[in-house]
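Asks: So the chains spell out like this:
Protein chains: 2
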Amino acid sequence: SSVCVCVSQIDEEVAKLLELKAQLGGDDGKHQFVLKTAKGTRDYNPKQMAIREKVFNTIIGCFKRHGAETIDTPVFELKETLTGKYGEDSKLIYDLKDQGGELLSLRYDLTVPFARYLAMNKITNIKRYHIAKVYRRDNPAMTRGRYREFYQCDFDIAGQYDAMIPDAECLKIVHEILSELDLGDFRIKVNDRRILDGMFAVCGVPDDKFRTICSTVDKLDKMPWEDVKKEMVNEKGLSEEAADQIGEYVSMQGGMDLAERLLQDQKMCQSKLACAGLSDIKLLFSYLQLFQVTDKVRHAVVFDLSLARGLDYYTGIIYEAVLTQAGVAPVTAEAQNGAPGEESVSVGSVAGGGRYDGLVGMFDPKGRKVPCVGVSIGIERVFSIMEQKAEASAEKVRTTEVQVMVASAQKNLLEEKLKLITELWNAGIKAEVMYKKNPKLLSQLQHCEESGIPLVAILGEQELKDGVVKLRVVATREEVRVRINVVFSKVLKTTSFRVTH
Amino acid sequence: SSVCVCVSQIDEEVAKLLELKAQLGGDDGKHQFVLKTAKGTRDYNPKQMAIREKVFNTIIGCFKRHGAETIDTPVFELKETLTGKYGEDSKLIYDLKDQGGELLSLRYDLTVPFARYLAMNKITNIKRYHIAKVYRRDNPAMTRGRYREFYQCDFDIAGQYDAMIPDAECLKIVHEILSELDLGDFRIKVNDRRILDGMFAVCGVPDDKFRTICSTVDKLDKMPWEDVKKEMVNEKGLSEEAADQIGEYVSMQGGMDLAERLLQDQKMCQSKLACAGLSDIKLLFSYLQLFQVTDKVRHAVVFDLSLARGLDYYTGIIYEAVLTQAGVAPVTAEAQNGAPGEESVSVGSVAGGGRYDGLVGMFDPKGRKVPCVGVSIGIERVFSIMEQKAEASAEKVRTTEVQVMVASAQKNLLEEKLKLITELWNAGIKAEVMYKKNPKLLSQLQHCEESGIPLVAILGEQELKDGVVKLRVVATREEVRVRINVVFSKVLKTTSFRVTH
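As they're listed, the protein sequences go chains G and S.
Okay, so the first sequence: first residue is 28 according to the working numbering, each after it adds one.
Okay, so the second sequence: first residue is 28 according to the working numbering, each after it adds one.
Just so you know, these hints were derived from the structure itself, not from any lab.
Just to be clear, a hint being listed does not mean it is correct.
[To be verified] Below, simulated DSS-like cross-link-like pairs (lysine-lysine); rule was C-alpha separation at most 30 angstroms, straight line:
(1) G:K463 x S:K91
(2) G:K106 x S:K63
(3) S:K106 x G:K124
(4) S:K91 x G:K438
Based on the sequences and whatever the hints tell you, model everything.
Replies: If you want it as structure tokens, here you go:
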């Protein structure tokens, strides 16, 4: 961990020096402007936006189907609002410069602002979604969809309810969205912080080391057990014996049967906390069955004791969804039996969440608690996959919804074209005209082909005399002469366009 | 101006001290947590979000009708990207703390990031919209819809085109959006930076004072002429004679006729720049007529020589839309005749923009220019008005789109309810169930009334035996027994819900 910090510091120092060099200018002494976006961020071009809109529509559609309202919060919060919520990840928070006034930080997730919102407005139950960008000074791996600025699509249920019903709905939502986005096989891992804490207790981890050992366990999806164990023993000062006991548990994966087996486990059942967690896992699986989210082959839900999740604020059930490469069976028979199954190659986590019953209370002046559970869909990786798919596909992505282009066959018809397009716009039709007095007919037709506009309304001197317009179907080059007052209905009938708003 | 800076500095120092006090804690020595959003920012609750969604749909609908694509850029840019673009307003830019790495600032508008995007990707023509939040360390007046974090809805046309055609379309768009949002009367003021510069030249303003005098003229909508003149003479060192000559011009308002009259003006016509601007104003008005945006009574477009706009980057036509209070005629006969008309009370600018032909060139390594014109709709004030309207109206704002609630009349039916709601969700129906094992029927019905859910599907033991569901219309309390397999089509037929996605 300390090595990581050093490397990233060196990286940043180098970036600083290169920037300084750029500011001082090149050999010719001229100012060399650095034309780029900030490290770890990117622009979205119109094609990427069209894909993003499609993904958002799927996700928002699902959130609305489950009856969620939506809220929005500012991009920055008072610095102290974020303090003490993220554990070791706090160092990744972006602070704003102190320009006088309040000390501010960019939001690190949407969960803490949501909890602050609930406490501030004394809201004790709500089901809401929130789609917005969050900011983390992480080392970006942009080719794999890891950015410093990225979207989170959060769905949360706050309120005092019967156990595991809202929790199961969160998993149902992940299942629906990942299935609908058609990203191939995926696996949803579930665990419970109480099981982890109970496990740490029975394995002999001192109370004050629970959180830090939990952070180390969280690295199991990136590091082999040997390295995780080393970190526990050498860096965190855990006894080798305790580490080995943890190692046995965290290799276990399964379903409801594993929860049942662990409830009988001599050591585990010494912890009341762990037992409560295990009973809830059983209940969760029973609800998941009713919700039809337990297709064990392609989209499995797996009880995985190695799942820890980095953030400090979780108190109960936790989960994470990973896409598994096509053709790789996500859960092998061994895993189902609890043996350390052959890990399939994961292309990364696309959703995660859990229960955080204490977070709102941290903001309430009287410490009143509001139980919450939620899920966050991270869609940058989804975008990456959808983009690759779109590029591989023969179908062209349209970036506008224009139904008809108003064009002219001869010169000096600008005035007539502007009159016609005004009527089209007034009728609610999506229409374009070239911003030239006398464009060539060919260039007008070319524009239609390039941007997928299906129809052209061509004005000509003869047509104007006859009170008609030539309506041309771009794909077939078919042309019909129609009276100006029926152009509208004709356009509306002919064009079948994507409706998004 | 220097007085303003002092006052705001004092304000900020006071805020800092109060914050320090809060951190140190109250009398009891306990940590007093400040539960608030950052100064000048606010949350949106679900009702406000429903209104916001409606406003966005109107605006996006208009942008798409005019054939725009959309892009997105990061919330922060390299600090140097923003340097030298905003003139005196640069002091309002939020900087990020230097945490190692690049120096970053939050975007101040969407125009400069757009220009950076065009230069970076070597794009020479595009018509795009971008809706996103921007950040200004201004003194907020939140009751009047002025925030430090606020949305801008930008539409811009980049490319080398014939004069005034894209410019006129931008005004057409402002006119369409403000009309469609139904905000009452409004006025669109237009002017041209070349006319201002030409006017400054013929009035004897030294070249190097054009920009700063322009900033002072920009204050005419907030300050009387006497104070503006004082600033010009006392603070900016302009001669009294020059100021008086400017005073005469900037009191002029009118239409195409005023442009014609000024083209004959002995002094004004000495400036080629001013003449070019005046000819373009004439051309603009002719296109506006074709676009049907010159309803002179309620939604007037006015050529107003006092309009200056603060930002440095404008090079040609500039415009601003203001809402005028209902019942106050926005343009009086005097104004039409060019005399200083009685200024109607304005509730503030809701849109603004202009031509900026040099901005992209500032980013291009070889200085290649891309002519641009655009408009920015500022919707916080629009939200304020719409919110007031919604509150005054008897109609309740729904914050979800739930079509049916799955309820039970007896205990122990959770499993059956979860099975039914799963089928409803799978069929794409928006449905809710209470997260309780045994909720009371009354509380389930109350939830429907509170959140406007039109239908309830009630499960009972007898109904389950008969293979039916009781479908209740909440408004009329009418109930019908339908077979489970036709619940779906019945719900879809009965519920007419708002479609937004």
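Asks: Each hint needs a verdict: does it hold in this structure or not?
Replies: For each hint, the structure was consulted:
1. G:K463 x S:K91: 21 angstroms, holds
2. G:K106 x S:K63: 11 angstroms, holds
3. S:K106 x G:K124: Satisfied, since the Cα-Cα distance of roughly 12 angstroms is no more than 30 angstroms.
4. S:K91 x G:K438: 28 angstroms, holds
In summary, this structure violates none of the numbered hints.
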